[in-house]
Each structure stands twice: as structure tokens, then as C-alpha cells.
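A.B. asks: Heads up, the sequence shown is in my numbering, so the first residue is 1 and it goes up one at a time.
The set of hints was computed from the structure by calculation and includes no laboratory data.
All of these numbers come straight from a predicted model, not from anything done at the bench.
Nothing false has been slipped in among the hints.
Here are the computed lysine to any residue pairs in the SDA-like style, where the Cα-Cα straight-line distance is at most 20 Å: (1) K68 <-> F46; (2) K68 <-> I57; (3) K132 <-> G106; (4) K132 <-> S101.
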Amino acid sequence: MMRSRFLLVPAAMVIAAAPAQAVNFLSVEQAQSLLFPGATMTPADFTMSEHQVDQLINLTGSTVYRSKVRAWRASTGGWFFVDQVPGRDDRVTYALAIDPSGIVRGVEVMIGLPEYGAITTPEWRQHFHGRKHDTTGESEIPIVSGQTLTTAHVGEGINRLLATYALFIAPRGK
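Turn these sequences into a full structure, and let the hints guide you.
C.D. replies: What follows is the structure in C-alpha cells.
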């Protein structure tokens with residue numbers, strides 16, 4: 001006679017083992033409205049050449065994850081970018097607003113894991129307001145203990161987008 005056996009696993013163990021799910025904090029349109037209230041946004045995506053990617057890497061020392069840049073031009077002046085960088089456990093999608101002189105107007109986290117909460121706080125994002133492309137490559141990135149990789153990668157992404165603006169958009173005067 002054969003007996004079947006089964007294992008009861010407490011629900012708490014199953015829940016703890018489940019992978020974390022990214023949260024959509026903001027859509028592109030919501031982030032645009034927050035960072036450029038009342039502005040009309042015109043899509044202005046562009047793809048960098050291999051030479052431009054190399055320029056960007058040499059200037060910033062950071063990784064360029066893709067050659068396509070997602071960008072919009074604001075009717076009130078300035079640029080809106082959407083970028084994605086690796087976090088500790090998953091990717092982070094964020095928006096960056098730059099005024100016509102290349103200064104950060106604002107940063108909004110659009111998609112990320114709930115445990116990346118520090119980067120969604122106004123206090124952390126405020127560190128970037130007023131920044132401009134730093135040609136010395138020594139921009140200080142505000143790191144949050146326990147979220148070192150995530151905060152470092154978002155900061156590097158912002159510095160990379162500021163350099164992208166300075167190198168490829170501002171010189172065209174567009």
C-alpha cells in the first residue's frame with residue numbers, strides 16, 4: 001500500500017520567496033505635467049552614433065546602456081528625458097527635466113521597486129535641482145545607505161543625460 005505525502009509550506013514562506021514587483025509611480029504624461037506644468041511636449045527622440053556613444057563614455061566615465069535617447073522638447077523651453085538604469089534588484093525608470101540653459105529643473109522616479117523608496121523622496125531628488133553638466137566629472141551623487149547601487153546608478157544616469165544635453169542638444173541650439 002502506497003501512501004502519498006505532501007508538504008505543507010506556511011504561507012509566509014511562500015510570500016517571502018515571491019519576487020518583488022516594480023511599481024509604476026508615474027506615467028510619462030504625469031511626469032511631464034509635474035516637471036513642465038502646462039507645457040506641450042514634442043517628441044524629440046534621437047539615436048546617438050557609435051562615435052557619440054564613445055564621446056559620452058569618455059566624458060562621463062559611465063556606462064551607456066542604449067544609444068537611443070528618449071526626449072521631448074517642452075513648449076515653455078527645456079527638455080524632458082526618460083531613462084532607465086539598473087537598480088540593486090531591478091531597473092529604475094526616471095524622468096529628468098532640464099531648462100534651456102542645461103540646469104536640472106527636476107527628477108521624478110517613474111518605475112521602481114518599493115524598497116527603492118529613498119530615491120522617490122523629494123529630499124533625495126532635490127539634491128539634483130540646479131545642477132548642470134560638470135566637465136570635471138566630479139559631480140557628487142547623494143548615496144543612500146542600503147540603496148547604494150540604486151542611488152549611484154540613478155545619479156550616474158542623470159549626469160550622463162546632462163552630458164548628452166551639453167554635447168548633442170545645446171550646441172544645435174534646439
